[in-house]
Structure formats: structure tokens, C-alpha cells
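Protein sequences appear in the order of chains G and U. Sequence positions in the first sequence follow this note's numbering and run 271 to 450. Sequence positions in the second sequence follow this note's numbering and run 5 to 258.
Hint data in this document are derived by calculation from the structure and do not stem from the laboratory. All values derive from a computational prediction rather than experimental measurement. Watch out, some of these pointers could steer you wrong.
[Said to hold, decoys possible] Computed from the model, here is a short list of chain G residues facing chain U with C-beta under 10 Å: (1) V300; (2) H314; (3) D316; (4) P400; (5) D411; (6) R437.
We treat Cβ as the ideally placed atom computed from N, Cα and C, and that holds for glycine.
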Amino acid sequence: MLSFVSALAVIEDTSTPGRELDPARLGDHVDRLYRAAVGLCGSHADAEDLVQETFVAVLRRPRLLRADDDIGYLLRVLRNTFYSRYRAERRRPRATDLGEHEELPEPRPGLAPEAILASREVLAAVAALPEPYREAVAAVDLAGLSYREAAKALDTREGTIMSRLHRGRAQVAKSLGYTS
Amino acid sequence: MTRPNDAEHSELTALADGTLSGRRRRRLEERVASEPGLRAELERQRLAVAALRSSELAAPAGLRARIEAERERARRPARRRRLALGGALAGVAAACTLALLLALPGGTGAPTVVEASELADLPATTAAPASSRPARLAAAAFGLPFPNWADKFGWRATGLRRDEIDGRDAVTVFYEKEGRRIGYTIVSGERIDPPDGAASAAREGTRLSYLHDRGRLVVTWERRGFTCVLSGKGVPREVLLSLAGWRARGKIPV
């Protein structure tokens, strides 16, 4: 007999046998999701709200995943939440949100000031990218997804991800002054 | 030298981050070795990858605490349902099951900030208060006037309701703008502490705490010892914080 809790489970994919998303393991992915969210939103404060809303949505009911892909699933929810909330408000990430007037998260202990500054510059460069490139870079380079996971999370083909990555990375390199 | 096409650019980016392998990798490396322009582009891609992947940004401790609080909140309803089922299946008396449910965290005591914020989802029971003077409405709770946000922010007061929650009086004024609705509740009695893990902010010298609860943003702060709670769905954080902190150059007393 199915338990009352299992009866409420949301099945996210039907291609292979499923397993329940383990809420206890979600904390493993917070840093990666947060970096991706900063890249998408262009603001630390908005990224915090976005990540929190993502977890609220995921934790609302038990989830059954068909593929072994917690982080990919979380990124899909993050992205959908971003578009339904922030895009509806016609907010485009502003690179100036990063570091100028908002409260900044504490850096990792022991991190050199140059590393903190470099991190801000990189994330500002990502926030300034056009939307398709920003998503691809946030998914692969900030959240650490493979091309395949990113393609699935962003509902596109691997080849498209690679093409957008190439252009996004080229623009990031230019923003950071990498010329050779 | 032929200019790389889209597919070749894609392979170049895969070479830069180490995901290109086998024969395609060797062919591209040979081409890169003989074409300075392609070599320069590969180098730029590699530098970008290194910069992006070396970001040391970690989620703030406050965010982790709020996520942990969400996980705890999500676990509680499941525990209550299991206990209720277990009581029914084992034939335990209803009174005994009820006692177990009441013993779970969150069931007793003074209202919480989240419970007060839920009043914002209820309908108004009286008409909207008029504005008595610039910046203030003709409505107050426990000597504290409600702000008039219409001129400055575009949020128009649309109704009011009075409730009692856990022995405390609560007055809520509803405001609307562009199809969205928020509720501003003032609760009598001693100050109610914000929940663990709530984030902090300051606006116009007022210390605010805020959190998300089931799709709503909830902001809470203190005015003359009374607890104020402002909440709504689909409203940006900065909007609610700005409204909560607005003093209208001293016309809104704190």
C-alpha cells in the first residue's frame, strides 16, 4: 500500500525507474545553485531569494526523479522560477548590482581580497551577457553541469549549449580584458 | 586560413574545458598548432573557463540557515500525517492522537510572525480607510497609524480586517497595485521574534527581518514595541522592504 506521503509525490520524468529526491542531500547543491543564480540575476540579494524560492518549490511535495540528476533538476526549477518571477517583472540583471550598493555575502574564510574582487568581476561579466549565453555559462561553468545535463535543464540540444558557451565565454574573456 | 564555423567554434570551447576527446580532439589540436588566430582564440576560451570555474563564491550562511528552516518546515506536516494515520490504524484514542499533534513544534504559544502574515491572504471585512493626512491613513492599531502609500509608491489601501490570533489582537490593512495585493498587520502584545534564519536589512534606520514562506515574502519589524508584519506574493523584496521602512520624514512614527 502506498503511504500517504508517497501518494503526494510528484513524478518529474517517466523514462527510467524513479527514486525519491532526498531533501537531506539538497544542501550539497546550495553553493552551485547560488553561483548559477548570481550569474542569472546579476544581484546577490536576488540570487538568495531565487535559491530560497527554488528550494521552497522543491520541498513543497516529495519528488520522484527518473534520472540520477539532482543538480540538473534543481537548476531547471531555478531557471523556471527565475523566468516566472523576474522576467515577469521585466528585470534584466544589472552588472552594477554586484558589489556596489548591496549587502554582500561573507567570503570564504582565508580568501585573499584579490580573489574576492576577481570573483565579483567574473560574475558581473556573466550578468552582462545576453540571456541565452548567460544561461549556458551559468549552467556549465557556475553550476558545474555537463553539456548533456545543461541541455536537458535548459530544454535545448547539446550542440546549442556548446555554441552558446563558446560565445558567452568569448564575451566574458573580452569583459575581463583577456586579449592575446 | 579558413574561418572556423559554428561547429568548429563549439569544438574549440569543448577543447578549452577539456571535454573534447579522441580523434576530434587530435584533429583540432593539429589545426590550432598551425593557425595563430585559432590558437589565440583557444587561449581566450581557456582563460575564461579558468576564471569562471575558479569563482570562490559560496552561498551565505543566512541562506543556508533559511533553507534548513524550510526543510524542517516541510518535514513537520508529514510527521503529523503519519502520527494521525498511525493512531487510526492502531486504534489509539482520538484524544491521545490530538495530544501528540499538539506536542509537535509550532502548535502552542503566542502567534508566530508567519501565522500573523497569513492574515494577508484573507479577505477584508471593512472598507478601505481614507487618508487622514499626507502619508497616513485614517486607520490605526494600538496608537500606530497605517501609512498612506498611494502617492509615493502607488499602493492604494483597499480594505481592513480585525482578528484575534492566539489571544492577541491583530489589525490588517490591505493594499493593492497593478493586480497585486499585500497585507500590513500590526499585532498587539509583546514583540514577536522573527523566525530563526530570517534575513536582516535596514531601511531609513529601521531594522527589518524577512523570510519566504510558501511563496510569500514576509517582512517584520517593531514599532513602539508592537510587531508589524508586511507580506505578499509576487512582490519584489526591495519593494516590501522600502514600504516597511518608509518614515515619510517622520510622519510615520516608529
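Checked hints:
no., hint, in the structure
1, V300, "holds (4 Å)"
2, H314, "holds (8 Å)"
3, D316, "holds (8 Å)"
4, P400, "violated (15 Å)"
5, D411, "holds (4 Å)"
6, R437, "holds (8 Å)"
Figure legend: structure checked against the earlier numbered hints; the only hint not met is number 4.
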